[in-house]
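If you read the sequences in order, they're chains A and B.
The number in my numbering is simply the position in the first sequence, starting from 1, with 2 added.
The number in my numbering is simply the position in the second sequence, starting from 1, with 2 added.
Hints listed in this document are in silico derivations from the structure and should not be mistaken for laboratory results.
A portion of the hints provided could be inaccurate.
The list makes no distinction among identical chains, and a pair is therefore deemed to hold if it is satisfied within one copy or across any two copies.
Stated by the list, open to error - Calculated cross-link-like contacts (lysine-lysine; reagent style BS3-like; alpha-carbon spacing at most 30 Å): (1) 336 x 44; (2) 324 x 179; (3) 11 x 29; (4) 41 x 325; (5) 331 x 41; (6) 331 x 82; (7) 12 x 29; (8) 11 x 324; (9) 35 x 220; (10) 11 x 240; (11) 240 x 44; (12) 240 x 12; (13) 35 x 11.
Chain by chain, the residues:
There are 2 protein chains.
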Amino acid sequence: MSTFQVELKKVVDDSYDIEIGFNLTGKLIEDLKQGLVGKIQKFAVVTDSTVQELYAQKILNLLTDAGYHANMFVFPAGEKSKTRQTKEDVEDAMLEMEYRRDCCVIAVGGGVVTDLAGFVAGTFGRGVPFINYATTLLAAADASVGGKTAVDTPRATNLIGLFNQPKKVYIDIAAWKTLPKRQLSSGMAETIKHACLANYDLFEYLETHMEEILACEKEACEHIAEENCRIKYQVVMKDERESGLREVLNLGHTVGRAIETLSDYRLLHGEAVSIGMVAQAALSVRLGYMTEDEKERVIRLLEAAELPVAIPDYIDREALVKKLYTDKKVRDGKLRFVVEKGIGDVVEFEPNVYATPVDEETAREILLQMK
Amino acid sequence: MSTFQVELKKVVDDSYDIEIGFNLTGKLIEDLKQGLVGKIQKFAVVTDSTVQELYAQKILNLLTDAGYHANMFVFPAGEKSKTRQTKEDVEDAMLEMEYRRDCCVIAVGGGVVTDLAGFVAGTFGRGVPFINYATTLLAAADASVGGKTAVDTPRATNLIGLFNQPKKVYIDIAAWKTLPKRQLSSGMAETIKHACLANYDLFEYLETHMEEILACEKEACEHIAEENCRIKYQVVMKDERESGLREVLNLGHTVGRAIETLSDYRLLHGEAVSIGMVAQAALSVRLGYMTEDEKERVIRLLEAAELPVAIPDYIDREALVKKLYTDKKVRDGKLRFVVEKGIGDVVEFEPNVYATPVDEETAREILLQMK
């Protein structure tokens, strides 16, 4: 018997920039010419059926005009497309068009597109570079920092995927204007979540600027886009592998994810998270970390963003309790929740432990007491 | 317009040990108890229908006896199982059995199992640790160092996957005795390849010890297992992302992979590589880097290992030429080959460039001249 040691210690630099502004397609092409992804000449523009005409076609044309080889790969819009099958379809289409390892993926769209395209890039030819061109507030809040990519399966959301950092992220606020009102509100849920877990000032800003934001006014939108990135970055930086602190980003998601799945995606992700935020606030009050008034303030802010705050009647509460167990925070068969502390902070239960076991009966009571 | 910088520079330590010996199942359990994968208590033993009874069941029993939670996930043996569908099946079975992020994958088997299970582990819950228990010479030579995991698609082999380093590799030479003779020979192809590209002494050792190796004698087998690891490690260490040097491991694979696919997997991987090694030697002679005598020595060694050295009649030569273009080394539509230099070295065409463009007509002539 003998042992052979494989030494694989090294410095990895996954740093990248997030560019926030209005109409950034020209900047993207400029960056590519400046060598953003080295000498790569071949680009797979991955997008969905909604964004295709609005933005992806424009980017494709600009790439072609600039002399790059580029093709567009389109899948049907919606969370239901975030599957292994869609990933396979995009891969097969890319292989069919002779894409190999010397290409770059450009994701153009919202969170579903960036999640899926980032995952495609991560396993295509064992990893090719990718760029996120985020066209929604949700993608700006959720997909721009953290490198999380994934697809859903019938049994669990986001459980098949990988950590994969983009080469650059563009947050095009002009694109938010093209969003249906419901989508924009959905994106606000993650921003409100960020404020709740980390930044009381942002919470107050949202309370006083919601109208400007929903009207896509430049200054207010740039401010929240930046704050979203900053909060997420601070959390993610300290805990890239989601071992402890990063779980705080799961605030409101324990119930939110379960409701999203049980609604069969009739609820948008942010809408489900909004309802989950109400549930977590109720739990926080119950555990003594938040006052009833603070909870009401959270609910009023969600309502101001035109988000739902009640569990839809068509969702069976018992099925919902059962569904909570598919949450990735579940450990040793026990439900675990992140708990808000007042407004703008979360409870650290033990050093580097931000989720606490909650027994099923408590979870059930909270869900039954909600509207 | 504003830019937000995401700094993600860090030190990553993916170091691990390769344990080489006879009957290492007990050592595996001992290592787990010593904390090889931390506090993880849940193990997914992934294997194929051939290895299931021979080794995986034993490991499963030992895990259960030691108080761990463990289940076995079995797929049909053979390269044809190395697909996205099999990956999906294993994932679904794991999710069904309530596997989440707090688990470890143990791959028990040959190269197909370690490639597939390593890929499953890399994307399950965005990455869980995995351990390779290699039961074949091929897995020892090919899958123990380098972190390459992948599946095949109808259009290309090994193009969907990722780099994922195991926590430890066990090379159980006792398992080689249970291999069909044909499998053992197939594994020898990668060993011969390693000798050809990097180590003349190993080539001579193989010439003089082939009988002992094919009889699975301890000393000879441990020696070649170690040499395989060493050569691969030296190459991979210097070029983990396969940007240049690592392409030398592709010696013989340009033609080999294409033949493997066109044979519809009637040929084992190593058998196809053996034929590819003859093709690369012929190319090397043609380009003036090898003598006719050296080429004959390579062919004799392959024959001594009971490997095929002629292209089967059922493979159409023109289809083979066309198939070469699915090779991942193809760049700008041009075929590229790694070229052996004498015996035990490869040609470095430019600094850090080890593959050279070969025009289609030259490739065709070489394939037509082969038996």
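Right, here's what the structure says about each hint:
no. : hint      : result
1   : 336 x 44  : between (47 Å within a copy, 15 Å between copies)
2   : 324 x 179 : neither (38 Å within a copy, 49 Å between copies)
3   : 11 x 29   : between (36 Å within a copy, 25 Å between copies)
4   : 41 x 325  : between (47 Å within a copy, 26 Å between copies)
5   : 331 x 41  : between (41 Å within a copy, 16 Å between copies)
6   : 331 x 82  : within (23 Å within a copy, 36 Å between copies)
7   : 12 x 29   : between (33 Å within a copy, 29 Å between copies)
8   : 11 x 324  : neither (43 Å within a copy, 40 Å between copies)
9   : 35 x 220  : within (28 Å within a copy, 57 Å between copies)
10  : 11 x 240  : both (20 Å within a copy, 12 Å between copies)
11  : 240 x 44  : between (35 Å within a copy, 27 Å between copies)
12  : 240 x 12  : both (19 Å within a copy, 11 Å between copies)
13  : 35 x 11   : between (33 Å within a copy, 25 Å between copies)
Violated hints, in rising order: 2 and 8; the structure is consistent with all others.
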